[in-house]
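Here the protein sequences come in this chain order: A and B.
Under our numbering, the first residue of the first sequence carries the number 1, and numbering increases by one thereafter.
Under our numbering, the first residue of the second sequence carries the number 290, and numbering increases by one thereafter.
Among the clues, some could well be false.
[What the hints assert, rightly or not] As a list, the in silico DSS-like pairs of lysine-lysine whose alpha-carbon atoms are at most 27 Å apart: (1) A:112 with A:3; (2) A:236 with A:127; (3) A:127 with B:494; (4) B:494 with A:153; (5) A:272 with A:240; (6) A:37 with A:127; (7) B:557 with B:529; (8) A:70 with A:112; (9) A:240 with A:37; (10) A:240 with A:127; (11) B:561 with B:484; (12) B:494 with A:240; (13) B:359 with B:304; (14) A:205 with B:442; (15) B:484 with A:70; (16) B:529 with A:205; (17) B:484 with B:494; (18) B:359 with A:195; (19) B:561 with B:359; (20) A:272 with A:70; (21) B:292 with B:304; (22) A:268 with A:236; (23) A:153 with A:37; (24) B:561 with B:529; (25) A:205 with B:416; (26) B:525 with B:304; (27) A:240 with B:484; (28) B:416 with B:525; (29) A:195 with B:529; (30) B:401 with B:359.
Hints were generated in silico from the structure; no laboratory data involved.
Number of protein chains: 2
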Amino acid sequence: MNKTIGFIGLGVMGKRMAGHLLNAGNSLRVYTRSAEKARELLDRGADWADSPAVVARTCDIVFTIVGFPKDVETVYCGEQGLIANLRAGAILIDMTTSRPDLAVRIADATQKRGGQALDAPVSGGDKGAREATLSIMVGGNRAAFESVLPFFKLMGRNIVYQGPPGSGQHCKMCNQIAIASNMLGVCEAIAYARKAGLDPATVLKSISAGAAGSWSLSNLAPRMLDGDFEPGFYVKHFIKDMAVAAESADAMGLRTPGLNLALSLYHKLQEKNCGDEGTQSLYRLYSET
Amino acid sequence: MNKTIGFIGLGVMGKRMAGHLLNAGNSLRVYTRSAEKARELLDRGADWADSPAVVARTCDIVFTIVGFPKDVETVYCGEQGLIANLRAGAILIDMTTSRPDLAVRIADATQKRGGQALDAPVSGGDKGAREATLSIMVGGNRAAFESVLPFFKLMGRNIVYQGPPGSGQHCKMCNQIAIASNMLGVCEAIAYARKAGLDPATVLKSISAGAAGSWSLSNLAPRMLDGDFEPGFYVKHFIKDMAVAAESADAMGLRTPGLNLALSLYHKLQEKNCGDEGTQSLYRLYSET
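In isolation and in its complexed conformation, chain A is listed as follows:
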């Protein structure tokens, strides 16, 4: 692992993930839109790059995790982007949750320039990033995947190759689709318990371990009950993901009524200025009516 690793995007997730690469003794070159977010890593020995183009010109492996698909497009595409400034044989790995079709486009363009691009979105949130227990779902060239696997292992635990370019993003969409409808069930179960005069915490004792059990019921329902709407995962980001999933399903001719309903309710929630809260704040729609 003597190569210089590039890392672009040092938000809540990226900062932790880049930190693990650095801790393992890799030399790291970082760029992020808000330079002050890089300070901690620079203090610990990372180099600063002034732009994605500089990162691309000086690194053989580049990880990115930015906010929205449009940010991915900015970082990868255009004259100052990663692809146009690629080193021969470089591997670009986008860990943002983004559009599957964009991932395919990036992989094609990168390959034409003599490199490989992987789409490798994650789940596990802030906690998973901090504890290096992320689930990483990877699409793209298999040999490229194998060659960067040691780096993935510094950041995650459940690392699965899903198939050709876009497959990582598609897999992440499956993850978000499964969560979306389940959030309705969790909120409605809790709201029903309250309305019926039960103690919702006692109800959770009965139902959490059985056929109604889910990660969200065990982890988010208690926060709903405490009125704790602090973000683990932002409403605004979940909406972005669901919108991509819905659009992608639509393009494939797949009907997803549960996802569509969840998305419409989350839009309502965002109209109440709750976009910066955690996804569990969906419960507000049920408790405030």
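Chain B: place on chain A using the hints.
Just chain B, lined up with the frame of chain A:
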């Protein structure tokens, strides 16, 4: 435990549950609509009763688990029912998943006749019944609950007192509500994976253990992929439960759009003559379009 225990309803669940009571050395008097379903228990030493009235007149504790709320009404109410023929001080325990308001009515009527009635629906299915690992959610008089707890412990593992009459049924409704919406998410995630050309089993490896994880995703999604629609839990019974939950939510002024959507999709499934399949057959709606 020297009392004679009555048991009414020897379907897939009841037969197993009554068997555990018998195995523990209790003397058991059984009644069920289709007498042939009692044979095994009679061979093992249970007594036959010709009607609910006979059971009521000769037992101090009576368990019931029948099909639908109307069956509960038949067994409990009317001149030949349990309540009209109650022994003084008897305890009636309905383990059917039934209407909370009916449970309240039965508890009131039973108390007026000098007894107590508990509503104690279960979750855990055939497997839970067989292995005595059911989750039992109990509403009704607390002292009555304590006095029959040793019997519950012969049938289940997670036994929780939820509150006054009807609370057990309300809790079970919370359970079904949480499952209902989640089933949409599970089906849509799997259907999306297939449409996107991923291997759904590999997708499950990525998503089952994280924030999208649920009992249904781990246990029912693999059956969907295998085209195995054999009933663990019947579509027709799930529809009954969801209909009760939706009606009850409506009566309380609670909006449950996720539940309503799930119910409407399961109705569609039943129109395709899938009522006797397992709840995972909801996937048919997504895979056959």
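> Hints broken by the structure, by number, lowest first?
Replying inline: none
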